Amino acid sequence: MSGIIIENLSRRRFLQGSAGLTLGFCLPAVATAAAGKLGAAAAVNAEINAFLQIGTDNSVTVMSKHLEMGQGTYTGLATILADELDADWAQVRVEGAAADAKRYNNTFWGPAQGTGGSTAMANSWEQMRKAGASGRAMLVSAAARRWQVGATEIVVRDGIVSHAGSGRKASFGELALDAANETVPTEVKLKDPKDFRLIGKQAKRKDSAAKTNGTAQFTQDVFLPGMLVAVVAHPPQFGATVKSFDASKAKAVKGVVDVVQIPQGVAVLASDTWSAKKGRDALSVTWDDSKAFKLGSDEILAKYKEMAKKPGLVAKQTGDTAKTFAGAAKVVSASFDFPYLAHAAMEPMNCVVHLKADGCEVWNGEQFQTVDQGRVAALFGLKPEQVKLNMLYAGGSFGRRACTQSDYVLEAAHIVKAINGKAPVKLVWLREDDMRGGYYRPMFHHALEAALDGSGQLVGWRHRLVGQSIITGSPFEAMLVKDGIDHVSVEGASNLPYAIPNLLVDLHTPTDIGVPVLWWRSVGSSHTAYSTEVFLDEVAAAMGKDPVALRLELLTGHPKHAGVLKLAADKANWGTPLKATAGERRGRGVAVHESFSSFVAQVAEVTVKKDGSIKVDRIICAVDCGTAINPDNIRSQVEGGVGFALSAALHGEITLKAGQVEQGNFDGYAPIRINEMPVVEVHIVPSGAAPTGIGEPGVPPLAPAVANAIAAATGKFLHRMPFNTAELVA
Amino acid sequence: MIQLTINGKAQQVDVAPDTPLLWVLRDSLQMTGTKYGCGQGLCGACTVHVDGEPVRACSTPVSDVVGRRIATIEAVDGERVGQVVQEAWRKLDVVQCGYCQSGQIMSAVALLSQNRQPTDADIDNAMSGNLCRCATYVRIRAAIHEAAEALA
Numbered sequence: 001m002s003g004i005i006i007e008n009l010s011r012r013r014f015l016q017g018s019a020g021l022t023l024g025f026c027l028p029a030v031a032t033a034a035a036g037k038l039g040a041a042a043a044v045n046a047e048i049n050a051f052l053q054i055g056t057d058n059s060v061t062v063m064s065k066h067l068e069m070g071q072g073t074y075t076g077l078a079t080i081l082a083d084e085l086d087a088d089w090a091q092v093r094v095e096g097a098a099a100d101a102k103r104y105n106n107t108f109w110g111p112a113q114g115t116g117g118s119t120a121m122a123n124s125w126e127q128m129r130k131a132g133a134s135g136r137a138m139l140v141s142a143a144a145r146r147w148q149v150g151a152t153e154i155v156v157r158d159g160i161v162s163h164a165g166s167g168r169k170a171s172f173g174e175l176a177l178d179a180a181n182e183t184v185p186t187e188v189k190l191k192d193p194k195d196f197r198l199i200g201k202q203a204k205r206k207d208s209a210a211k212t213n214g215t216a217q218f219t220q221d222v223f224l225p226g227m228l229v230a231v232v233a234h235p236p237q238f239g240a241t242v243k244s245f246d247a248s249k250a251k252a253v254k255g256v257v258d259v260v261q262i263p264q265g266v267a268v269l270a271s272d273t274w275s276a277k278k279g280r281d282a283l284s285v286t287w288d289d290s291k292a293f294k295l296g297s298d299e300i301l302a303k304y305k306e307m308a309k310k311p312g313l314v315a316k317q318t319g320d321t322a323k324t325f326a327g328a329a330k331v332v333s334a335s336f337d338f339p340y341l342a343h344a345a346m347e348p349m350n351c352v353v354h355l356k357a358d359g360c361e362v363w364n365g366e367q368f369q370t371v372d373q374g375r376v377a378a379l380f381g382l383k384p385e386q387v388k389l390n391m392l393y394a395g396g397s398f399g400r401r402a403c404t405q406s407d408y409v410l411e412a413a414h415i416v417k418a419i420n421g422k423a424p425v426k427l428v429w430l431r432e433d434d435m436r437g438g439y440y441r442p443m444f445h446h447a448l449e450a451a452l453d454g455s456g457q458l459v460g461w462r463h464r465l466v467g468q469s470i471i472t473g474s475p476f477e478a479m480l481v482k483d484g485i486d487h488v489s490v491e492g493a494s495n496l497p498y499a500i501p502n503l504l505v506d507l508h509t510p511t512d513i514g515v516p517v518l519w520w521r522s523v524g525s526s527h528t529a530y531s532t533e534v535f536l537d538e539v540a541a542a543m544g545k546d547p548v549a550l551r552l553e554l555l556t557g558h559p560k561h562a563g564v565l566k567l568a569a570d571k572a573n574w575g576t577p578l579k580a581t582a583g584e585r586r587g588r589g590v591a592v593h594e595s596f597s598s599f600v601a602q603v604a605e606v607t608v609k610k611d612g613s614i615k616v617d618r619i620i621c622a623v624d625c626g627t628a629i630n631p632d633n634i635r636s637q638v639e640g641g642v643g644f645a646l647s648a649a650l651h652g653e654i655t656l657k658a659g660q661v662e663q664g665n666f667d668g669y670a671p672i673r674i675n676e677m678p679v680v681e682v683h684i685v686p687s688g689a690a691p692t693g694i695g696e697p698g699v700p701p702l703a704p705a706v707a708n709a710i711a712a713a714t715g716k717f718l719h720r721m722p723f724n725t726a727e728l729v730a
Numbered sequence: 001m002i003q004l005t006i007n008g009k010a011q012q013v014d015v016a017p018d019t020p021l022l023w024v025l026r027d028s029l030q031m032t033g034t035k036y037g038c039g040q041g042l043c044g045a046c047t048v049h050v051d052g053e054p055v056r057a058c059s060t061p062v063s064d065v066v067g068r069r070i071a072t073i074e075a076v077d078g079e080r081v082g083q084v085v086q087e088a089w090r091k092l093d094v095v096q097c098g099y100c101q102s103g104q105i106m107s108a109v110a111l112l113s114q115n116r117q118p119t120d121a122d123i124d125n126a127m128s129g130n131l132c133r134c135a136t137y138v139r140i141r142a143a144i145h146e147a148a149e150a151l152a
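Chains as they are written, first to last, in our numbering: chain A, 1 to 730; chain B, 1 to 152.
I should point out that these hints are in silico values taken from the structure, not numbers from a laboratory.
If you're wondering where the values come from, they're calculated on a predicted model, not measured in any experiment.
Glycine is no exception: its CB is placed at the ideal position from the N, C-alpha and C atoms.
Any given hint could be a false lead.
Stated by the list, open to error - EDC-like mimics (lysine to aspartate or glutamate), calculated; alpha carbons at most 16 Å apart, straight line:
id, chain 1, residue 1, chain 2, residue 2
1, A, Lys204, B, Glu87
2, A, Lys277, A, Glu432
3, A, Lys169, A, Glu187
4, A, Lys254, B, Glu87
5, A, Lys254, A, Asp289
6, A, Lys609, A, Glu727
7, A, Lys251, A, Asp272
8, A, Lys277, B, Asp18
9, A, Lys254, B, Asp18
10, B, Lys91, A, Asp632
11, A, Lys323, A, Glu449
12, A, Lys615, B, Glu87
Unchecked claim - Every beta carbon over 12 Å from chain A, so not counted as near; a handful from chain B, in silico:
id, residue
13, Gln11
14, Met31
15, Val50
16, Asp51
17, Val66
18, Arg80
19, Ile123
20, Glu149
Whole structure, please, built from the sequences with the hints as guidance.
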């Protein structure tokens, strides 16, 4: 084990040198309020390290450096720390940590704090275990000192520190102040996994209570004294700007306080949201579209198909595909089209900004602290540390709140700047602003070919992709774009796990499409899993092979793929007939995919009616994500991933006409509803490996598994998302 | 001034009569448990009860609910069905991001108040106006069945 570095070492040294304890304590809002009510002395929280505070009221507060956007991070991080601390789960609560890249950076991202890429558990695993174990050691040292006994004789269990020889016991709360004054250990012993009491068990979500009684605080729920609400008139096309505007009618709306031009459009500020909306609706804006992007989706697709006729930049090459295809006995080919997709989180984007004399304070479902902090600081001419970011619960994100360009956060800051900081501002995007605000999953066109030799073996595979780069121009460019290849454009395709001796993956990255694009839950795998896994079934059909059997033959070098595939197929009774009623066609389909170092296989059972309509009946999932920290949360994330992916398979599509987004609300862009949700079974592969991601990996295999089930039922492979069910009419 | 009865309490608000009930609750009264999601009655995040019936507050002008009983998520634990539904939601850890869940719970409470043994089809009918982008639907369905058993 490497030596532990607890982030508060400098503070500890400072404390030891200055004899003052004040810096080590902070008054939590909850404890203060409770104490006020009871009229008792306020509880104090002793800061044990950057991730752990223990209160004299016996509370254990875990500071989460990661955003809770539904994926269960608060509960997961607390589970890891509390297990090593030997806390009682009931005494544990979680708070969002302040933005501070020195203490709270994502250890996979270098010096940047942020949440994404399904890394929250994986990058925090060692860190949170050590933070908990270190806290435990300090509680033990404090008890040993107080009781004058040997530390090795002390036992900690379920939040109680005890010494059998003397019969003495103390709660964490009773030891909190002394523990904070103990030396931070430089090395700590971590538990043997067989001794885990929370990890791998059923630790209930920490946010369930607040999210079922209306008290959970989202950005939308922030109210500050004197705060104004801003609703913005945005241009109808990406790249258009304000030419002129007439605010007279908007200013006549009761409640409207101000109308200001910002780089993103024209902001109407009012005392409340409805007045701001009415003001915006009354506004008259003339737009300058001379630099606007004016193509429609059909034209973009035609352009991509044209580009696909020529070789792109090589992302992956093994063997000699030219020779293989020239000598092939049979070539199978297919192309696939994927639309722009909006994240469409239930909470539309919003942000509260308050400029003060000595800095700036921001309230946000904050997913990308270091980037947002830097940009806001630059706009106001402040140092990053003068921008305080309050990380609130996010009402979904799916990648949207980690915007590479800090779009909506900067928009809020620009409004505050335009009114010279005279009031705190809550920027509220209405649903239509959110739907039309860009930063979509990029459109993609894929063309695939497979070569079979004279004996019917799969010997060649060519995969060409065309689509915009997410990473180019973002802070991750140096890390993820190499030799012109954006890694996330080809992830899932360039690491195809199948043993095919001759493989070529190449990429075209159009740079003249003015539609802002962004990562969308599972990023590149949201399209590459579909094209590779559906196409493999087409190849299997051409070879006359069973889809599971062919995959297992080709997965010899990838035991984790094979493991989840076998488990899902087994649990789904793969190979047994599915009952269908008269007039209905039913089929079973499979897909397996690795993303974010986790492995997921899904088997779909689907019914296709005569009119072509589809009912997805059941999804059987098998997951290998290393150590299962919270098995129930893994099931929950995979269930949700299935529903999220099914929305894209059945309905999801953002389309442009003359540069204007055609969808505006949940009528035109329709996530699935409860009546379309299949039964979902999730089976978790037991593992002692370090945990990997689970927020995203449930998404990629769903659409190809469903499409392959449809093909099994109808003989028809679907080559575009969302599915065109007209192709399935009997 | 408009007079309203919300969660059994008389409230006065100074707003235009066409203001949606949602913004009266949220901005005038700072009762923020009821959420804005779409503004067009498409997502159900703003669901409240008016005289016991589930209603989309985002598309209900406040003038339409004068003199009627308005109930929100903040008071849902004041009656047994509400308590049981909340308990079922917590037992099964239904929530993910949580933003839609006030509306989901209000719709579920309205369903179970009128139908103590809902079938899956009844649940589809009563709940399909409530979107959940995290797709917690598997657990919503299970929690409604769980609550129905507890109420039986």
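Here's how the hints hold up against the structure:
no.	hint	verdict
1	Lys204(A) to Glu87(B)	holds (13 Å)
2	Lys277(A) to Glu432(A)	holds (12 Å)
3	Lys169(A) to Glu187(A)	violated (25 Å)
4	Lys254(A) to Glu87(B)	violated (43 Å)
5	Lys254(A) to Asp289(A)	violated (31 Å)
6	Lys609(A) to Glu727(A)	holds (12 Å)
7	Lys251(A) to Asp272(A)	holds (14 Å)
8	Lys277(A) to Asp18(B)	holds (13 Å)
9	Lys254(A) to Asp18(B)	holds (13 Å)
10	Lys91(B) to Asp632(A)	holds (12 Å)
11	Lys323(A) to Glu449(A)	holds (14 Å)
12	Lys615(A) to Glu87(B)	violated (31 Å)
13	Gln11	holds (16 Å)
14	Met31	violated (8 Å)
15	Val50	holds (17 Å)
16	Asp51	holds (20 Å)
17	Val66	holds (17 Å)
18	Arg80	holds (15 Å)
19	Ile123	violated (7 Å)
20	Glu149	holds (18 Å)
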